[in-house]
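Participant: Chain by chain, the residues:
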Amino acid sequence: MKTRPYNKADYTVPFYDTFPEFLAGIAKTYGPRPALSWFTRRQEEKTLTYLELTQKVAHLRRGLLHQGLEAGSHVAIVSENSADWIISFLAVVSCGCVAVCVDTEQADSIIREMVCRSDAHLLFLSPTFLPICLPLLDSGSVERVILMGGQSGDERADAIDSLYKLGRSLEADDPQPPCPVALDQTAEIVFTSGTTSQSKMVMLSQKAVMQNLCDSSLYVYFYDRVFCSLPFYHAYGLNCAVLNTFLRGAHLYINGDLKTAMRDLHLAKPDTMLTVPLMVEAINNQMWLNVEKAGKADSLRTLMKVAALCRKLHLPVKFKTLEQLREKALGTLHLIICGGAHLSRELSEEFDLLGVQMLQGYGITECAPLISVNCNYANKMGSVGLPLKTLEVQLDDGEVCVRGPSVMQGYYKDPLQTAQALEDGWFRTGDLGYTDKDGFLYLTGRKKNLIVFKNGKKVSPEKLEELLSAIPMVKEVMVSGTANGAFADDVKLTASIYPDPQRCEGLSSYEILEHLQQEVDKINRDLPTYQQIQLVNIREKEFNKTGTKKIKRHAN
Amino acid sequence: MLQLIQDIVYNVTGKQGITYETDFVQDLALNSFDVMNIISAFEDHFDTTIPTREVWHLHQVKDVIDYLAHKGFTQP
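Protein chains in written order, with my numbering: chain X, 280 to 835; chain Y, 44 to 119.
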């Protein structure tokens, strides 16, 4: 592992403006180095070097172009994280097409709706999503589906391997450079978080994505081996983790399934990890669980207090027990970059005492996504770091507003929402915050009505309320995130329901609750775990409302 | 089978007092990552694969037992 740099000049990386330049650059600069690795179910490690990766991208791109893919076409990727996901994405964006990154944690019907709304006519699918998306082919909404990894047994889907093969033979006879693309060509369409089809489609240009990567490289240094289990369909996983690792020439280990994330983390032996607070807490909980089982929790707590005191007094924190604990729980990990949701300061400090630097960052899909991040050489715990160099950040009545080259082009096919979100190039994030005298940004809350979970997912309560309102017994409902657990930002989804008095006549409170719980359970069945309503409260009175009869969210 | 589930849940999360009706999210306040880790432990134990999208439907302990029985696993 490289030593931790404290001088910005030590880690300059090249700047690129477009994906074709980026691909040509990483192939030339890092060619034989390992670029991408993953583990099979049998724990075998598979690896592609930078040269192999960029060649596979070139072959796929050539095959697609040969079969008639036209510049500007929208191509959707519906799959779990995989090497083919990354290769398909890079092939699409490096020939002037638009990659539509579909959120695969949504219900089947929402996934189909996302594909249709994005006007994608070509789909890259993993076997899991083939049966979900084939109806789109049958109905004529999409023209072609390409299956990644595995045999479909369905002749309507083409195998990605046949495209690789075709492209390879064409390239062998007549190699061609990547197509030139314009800086303002849309590269990615990424969906904002939401619970239903109302999620917005954010258009990010070639330049916006590249600028965001290159700007972040001025602040954050990755070591040699980077681990990422963040979903690639979010800008955080794709741009900050995958593309940033390639920009720096590091070795990326990917994980495509939360079920094997911890296993792969230990197998990969990374020194750097990009993640969300949820995973940091899971690692921390597991570590403390093991310590408690060994009957050493009290002595460790005492040692942590001593170590914290040493840190406060600027004395070196060198304790063999802590080093052994870190090695057992975190292996070779020395740097965690955490974003997507608020990370508690206590956790950052605890990891710091174990010898793991925790850099908290802040981003939003509409900004490609990084807005600010702490630096390896200047890290203020509790803050979300310094705004990127090319971004202007202003606080308007406490709301963080951002302008600069990595801000989105707008929402696809939604000029009204675009006009509301962008004013003279300024994007209103909906987050409230302040900056300190050194320019570090601190977040204090949200202006927009979104519930943010520790896994970085966001839920719009209105959309869940819409689902719950369809229950006949529900007259009024409000969904909120209520405190749950040790930290202030631990939330669980709670539905407060005012039942329809007419429909409840003659029923006891218990019977009403039982009936409502059964209905809520039915709704939960179609929702991913994090979106499920965990608690149902019954109200005896109607909600307080505004003059326009909207429920007052903060007065009930 | 219940004993096996109790052991796995305790090993992964430290939570105890599991019954057939226990709901992983509502009663144990587990997050999606905890649930996935529990399912992963089942996969290892039974040498099987439980697709992630099917995990959404496993709310209670009895759902897991039914699911495993459906796949032919009735003994721990």
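Hints may contain errors.
[Said to hold, decoys possible] Pairwise CB distance ranges (calculated):
| no. | chain 1 | residue 1 | chain 2 | residue 2 | range |
| --- | --- | --- | --- | --- | --- |
| 1 | Y | GLN59 | X | LYS548 | 26 to 36 Å |
| 2 | X | TYR721 | Y | GLU86 | 33 to 43 Å |
| 3 | Y | GLN59 | X | THR723 | 32 to 42 Å |
| 4 | X | ALA573 | Y | THR117 | 32 to 42 Å |
| 5 | X | LYS548 | Y | GLU86 | 54 to 64 Å |
| 6 | X | ALA657 | Y | GLU86 | 37 to 47 Å |
| 7 | X | GLN603 | Y | THR92 | 55 to 65 Å |
Calculated from the structure, these hints are not laboratory results.
Just so you know, these numbers come straight off a predicted model, no measurement behind them.
We treat Cβ as the ideally placed atom computed from N, Cα and C, and that holds for glycine.
Participant: If a hint holds in the structure, say so; if it doesn't, say that too.
Facilitator: Each hint tested on the structure:
Separated by about 33 Å at the C-beta atoms, GLN59 (chain Y) and LYS548 (chain X) satisfy the suggested range of 26 to 36 Å. Our hint of 33 to 43 Å for TYR721 (chain X) and GLU86 (chain Y) holds, since their Cβ atoms are close to 42 Å apart. For the pair GLN59 (chain Y) and THR723 (chain X), the beta carbons lie near 37 Å from each other, so the given range of 32 to 42 Å is met. The hinted window of 32 to 42 Å between ALA573 (chain X) and THR117 (chain Y) holds, with their beta carbons roughly 34 Å apart.
Distance hint check for LYS548 (chain X) and GLU86 (chain Y): the Cβ-Cβ separation is about 23 Å, which falls outside the suggested range of 54 to 64 Å. Checked against the hint of 37 to 47 Å, the pair ALA657 (chain X) and GLU86 (chain Y) passes, with Cβ atoms roughly 43 Å apart. For the hinted restraint 55 to 65 Å between GLN603 (chain X) and THR92 (chain Y), the CB-CB distance of approximately 35 Å leaves it violated.
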